[in-house]
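A.B. asks: Each chain, written out:
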Amino acid sequence: MKLIKSLLTLLVLSLVLNGCSSKGGVTEEEGEGANDAYGSGRKSGAKVGKYGRGGAGGGRGGYGSGGAGLGGELDDPSSPLAKRVIYFMYNSDEVMPEYKSVISTHANYLAAHPDQTATLEGHADERGSSEYNIALSEQRAKSVARMMNLQGVSDSQVQVVSFGEEKPSVSGHDESAWQQNRRVEISYPGH
Amino acid sequence: MCRRMINAFIVCLLGCSGIQSALAELTVDITKGTQGALPIAIVPFGQAAYRGENLAAIVSEDLQKSGRFTPMAEGQMPERPVPPGQVNYTAWQSSGQENVVIGRVVQNDAGGYEAEFVLFDAIRGTQLLSERIPFKAQEGRHTAHRIADIIYKQLTGDRGIFNTRVAFVSATGAGKSREYRLEIADTDGQDAKTVITSSEPIMSPSWSPDGKRIAYVSFEDGPSAIFIQNLATGERQKVSDAAGINGAPAWSPDGTELAMTLSKDGSPDIYLLDVATKSLHRLTRDNSIETEPNWSPDGRRLVFTSDRGGKPQLYLVSPNGGEPERLTFEGEYNARGVFSPDGRSIAMVHGGNGYRIALMDLGSRNLKVLSRGRQDESPGFSPDGKWVLYISRDGGSDQLSAVSVDGKTRQALDVRAGSVRGAAWSP
Chain S
1 MKLIKSLLTL
11 LVLSLVLNGC
21 SSKGGVTEEE
31 GEGANDAYGS
41 GRKSGAKVGK
51 YGRGGAGGGR
61 GGYGSGGAGL
71 GGELDDPSSP
81 LAKRVIYFMY
91 NSDEVMPEYK
101 SVISTHANYL
111 AAHPDQTATL
121 EGHADERGSS
131 EYNIALSEQR
141 AKSVARMMNL
151 QGVSDSQVQV
161 VSFGEEKPSV
171 SGHDESAWQQ
181 NRRVEISYPG
191 H
Chain G
192 MCRRMINAFI
202 VCLLGCSGIQ
212 SALAELTVDI
222 TKGTQGALPI
232 AIVPFGQAAY
242 RGENLAAIVS
252 EDLQKSGRFT
262 PMAEGQMPER
272 PVPPGQVNYT
282 AWQSSGQENV
292 VIGRVVQNDA
302 GGYEAEFVLF
312 DAIRGTQLLS
322 ERIPFKAQEG
332 RHTAHRIADI
342 IYKQLTGDRG
352 IFNTRVAFVS
362 ATGAGKSREY
372 RLEIADTDGQ
382 DAKTVITSSE
392 PIMSPSWSPD
402 GKRIAYVSFE
412 DGPSAIFIQN
422 LATGERQKVS
432 DAAGINGAPA
442 WSPDGTELAM
452 TLSKDGSPDI
462 YLLDVATKSL
472 HRLTRDNSIE
482 TEPNWSPDGR
492 RLVFTSDRGG
502 KPQLYLVSPN
512 GGEPERLTFE
522 GEYNARGVFS
532 PDGRSIAMVH
542 GGNGYRIALM
552 DLGSRNLKVL
562 SRGRQDESPG
572 FSPDGKWVLY
582 ISRDGGSDQL
592 SAVSVDGKTR
602 QALDVRAGSV
612 RGAAWSP
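Chains as they are written, first to last, in the working numbering: chain S, 1 to 191; chain G, 192 to 618.
Some clues are possibly wrong.
As the list claims (entries may be wrong) - Derived lysine-lysine pairs resembling BS3-like cross-links, with alpha carbons at most 25 angstroms apart:
#  : chain 1 : residue 1 : chain 2 : residue 2
1  : G       : K403      : G       : K502
2  : G       : K256      : S       : K167
3  : G       : K403      : G       : K367
4  : G       : K327      : G       : K403
5  : G       : K344      : S       : K167
6  : S       : K167      : G       : K455
7  : G       : K429      : G       : K344
8  : S       : K167      : G       : K502
9  : S       : K83       : S       : K167
10 : G       : K367      : G       : K344
11 : G       : K344      : G       : K599
12 : G       : K256      : G       : K577
13 : G       : K559      : G       : K256
14 : S       : K83       : G       : K367
15 : G       : K455      : G       : K469
Unchecked claim - Covered by chain G, per the in silico footprint, the following chain S stretches (three or more residues, Cβ under 8 angstroms):
#  : stretch
16 : 126-136
17 : 151-162
Stated by the list, open to error - Distance ranges between label pairs, derived from CB positions:
#  : chain 1 : residue 1 : chain 2 : residue 2 : range
18 : G       : K344      : S       : V170      : 39 to 45 angstroms
19 : S       : V170      : G       : L319      : 56 to 62 angstroms
20 : S       : G172      : G       : A239      : 52 to 58 angstroms
21 : S       : Q151      : G       : A365      : 56 to 62 angstroms
22 : S       : M89       : G       : A603      : 44 to 50 angstroms
23 : S       : A112      : G       : R563      : 51 to 57 angstroms
24 : G       : D552      : S       : L150      : 36 to 42 angstroms
25 : G       : D552      : S       : S156      : 47 to 53 angstroms
Simulated from the structure, these hints should not be mistaken for laboratory data. For glycine and all other residues, C-beta sits at the position ideal for the given N, C-alpha and C.
Sequences are here, hints too, so could you generate the full structure?
C.D. replies: Rendered as structure tokens:
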């Protein structure tokens, strides 16, 4: 069964990469390009298939576009700002003491650069209910945002987005994988 | 950043190519059967005029999968009559068959076909029912499911669900080549159709009560948004893209409202959206998590998940508001409650020693654990209320499964590509 799955996955990948053609009189239209949330100007990430037509489209501006002329430190891998992931305990949105300094470092940077924006992406491990995990991971990202606010970062500088268990950082299914997946990722557009 | 650009690249490739065949293949296996299943013989139909699906074989498979019938193997049948007058009751009696179905397919004047079938009680020598179903060439499989539904109803008194469908989200690939796909398949896993594909997550499909539309969450624009898509025309509408979470859509039983989770005003709370007027009404106001709303079939209550007491538990509230009533007290994790079609019980994800599907009787408030996996989630009832569909994840392999509400029968719907992320049975 595992082998079949792997083979199918390979097949799927090769189909995807080769842009295979298809049969069956179905319309699939590309959505109108939603303005990319992450500043890379990609097309809308969805296509309406089989049952579908009509564009995705209508995306919002998203996560901000600040950062021009800033950010030498942001691109320096030896800077304390290179540490951008905060991990959480199971089913908890409380920031653990060992991560407070990571958040402070970013908060100080943002407070000193009021034109710089950042995105806080909340994530959860795969256990439990997926929509509850969306809510939990937003609470995690908001915990980080609140600490940043207390250090002088304005609300408009920080965007919170939650992916729940949908975008694991590692694909394992044990406690060590779960630990790495319960996280908030700080990201700076363009860096 | 780089990763996302590559995602976008793959989306473009897909957009240019238009893959239609569903990548996830479903097969169903009975993993545990019930005692006392009824013997039945579905004699191969006379279908020289129709070279499509083998109708009798599909009917036979459907009835077997229900767990309530044991269809006779074709090779064991004493005879294979096609016209009703040729049935030899004595031959069937001596092979222990009480229920015998025969049938044939003929061409009709409209250029289509008609399936005629007759169900006999061979012991009493009587005809129990006789029906004729017109269909188009490509509708053979659905026609067979309808025949199975009619036979099932006649012999058990209950509604058959063979001609219903399951919506599910599958995810294939990892990292850069991750692909999410909302698909709809027959409950026997056949005839899968893709509703939408995306390089970003798709979640929480919810059928409208008439089965014509589906609401779902998509992250295709970056942040989450809720869409309603008409399945016949493919037209879709973005109905919510508020700041923060747009999640957990759930149709009201009359199809006029969509309950959903929004966090635009702070923490996640339950809101009711009037689908026609788009007016939005806030139902809960708390600083805790309130999410995963689901309506009672009479529309007078909603069940939802809240961690207001510290841990996620289920609560009931009127759609008109008021103080929610806590429903679950057993265990530290009860989430994603869904009402049974008769409104008498609620299925949920019950955490403790792993995450399992449990059923609460609303009269007695007794909780019964139905599933046995390590990580079972996303419960939803079959339209006849006899099954709970759920996703079981064990050691990384996902399965779409169904367990009977008495916990005695389980079916596995095996998705052979990637993982299953969310599922819902059609009305």
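A.B. asks: Next, verify each hint and record whether it holds.
C.D. replies: Hint check:
Distance check on the hinted pair: G:K403 and G:K502 sit about 36 angstroms apart at the alpha-carbon level, beyond 25 angstroms; violated. This hinted pair does not check out: G:K256 and S:K167 have alpha carbons roughly 35 angstroms apart, beyond 25 angstroms. Distance check on the hinted pair: G:K403 and G:K367 sit about 34 angstroms apart at the alpha-carbon level, beyond 25 angstroms; violated. Distance hint between G:K327 and G:K403 is fulfilled; the C-alpha atoms sit about 20 angstroms from each other, no more than 25 angstroms.
Among the hinted pairs, G:K344 with S:K167 is inconsistent with the structure: their alpha-carbon atoms are about 44 angstroms apart, more than 25 angstroms. A threshold of 25 angstroms between alpha carbons decides the hint, and for S:K167 with G:K455 the separation of about 22 angstroms falls inside it, so the pair holds. For the proposed pair G:K429 and G:K344, the alpha carbon gap of about 39 angstroms is over 25 angstroms, so the pair is violated. Of the pairs offered as hints, the one joining S:K167 and G:K502 holds, with about 24 angstroms between alpha carbons and a cut-off of 25 angstroms not exceeded.
For the suggested pair S:K83 and S:K167, the alpha carbons sit about 19 angstroms apart, so the restraint of at most 25 angstroms is met. As the CA atoms of G:K367 and G:K344 are separated by approximately 48 angstroms, the hinted pair breaks the 25 angstroms bound. Annotation: proposed proximity of G:K344 to G:K599 holds, straight-line Cα distance about 21 angstroms (limit 25 angstroms). A distance of roughly 13 angstroms separates the Cα atoms of G:K256 and G:K577; the hinted pair therefore holds under the 25 angstroms criterion.
Taking the CA atoms of G:K559 and G:K256, the gap is near 24 angstroms; set against the 25 angstroms cutoff, the hint holds. For the proposed pair S:K83 and G:K367, the alpha carbon gap of about 22 angstroms is at most 25 angstroms, so the pair holds. Distance restraint check for G:K455 and G:K469: the Cα-Cα separation of roughly 16 angstroms lies within the 25 angstroms cut-off, and the hinted pair is therefore satisfied. Residues of the stretch 126-136 of chain S with a Cβ under 8 angstroms from some Cβ of chain G number 10, which satisfies the need for three, so the listed coverage holds.
A stretch counts as covered by a chain when three or more of its residues have a beta carbon under 8 angstroms from one of that chain; for the stretch 151-162 of chain S and chain G the count is 3, and the coverage holds. In this structure the hint that G:K344 and S:V170 lie 39 to 45 angstroms apart at CB is violated, the actual value being about 49 angstroms. For S:V170 paired with G:L319, a C-beta distance near 58 angstroms keeps the hint of 56 to 62 angstroms intact. Between S:G172 and G:A239 the C-beta distance comes to about 56 angstroms, which sits within the given range of 52 to 58 angstroms.
Checked against the hint of 56 to 62 angstroms, the C-beta distance between S:Q151 and G:A365 comes to roughly 36 angstroms, which is inconsistent with it. In this structure the hint that S:M89 and G:A603 lie 44 to 50 angstroms apart at CB is violated, the actual value being about 34 angstroms. A C-beta distance of roughly 55 angstroms is found between S:A112 and G:R563, which places it inside the suggested range of 51 to 57 angstroms. Taken as a hint, the range 36 to 42 angstroms is violated for the pair G:D552 and S:L150, whose Cβ atoms sit roughly 48 angstroms apart.
Checked against the hint of 47 to 53 angstroms, the pair G:D552 and S:S156 passes, with Cβ atoms roughly 50 angstroms apart.
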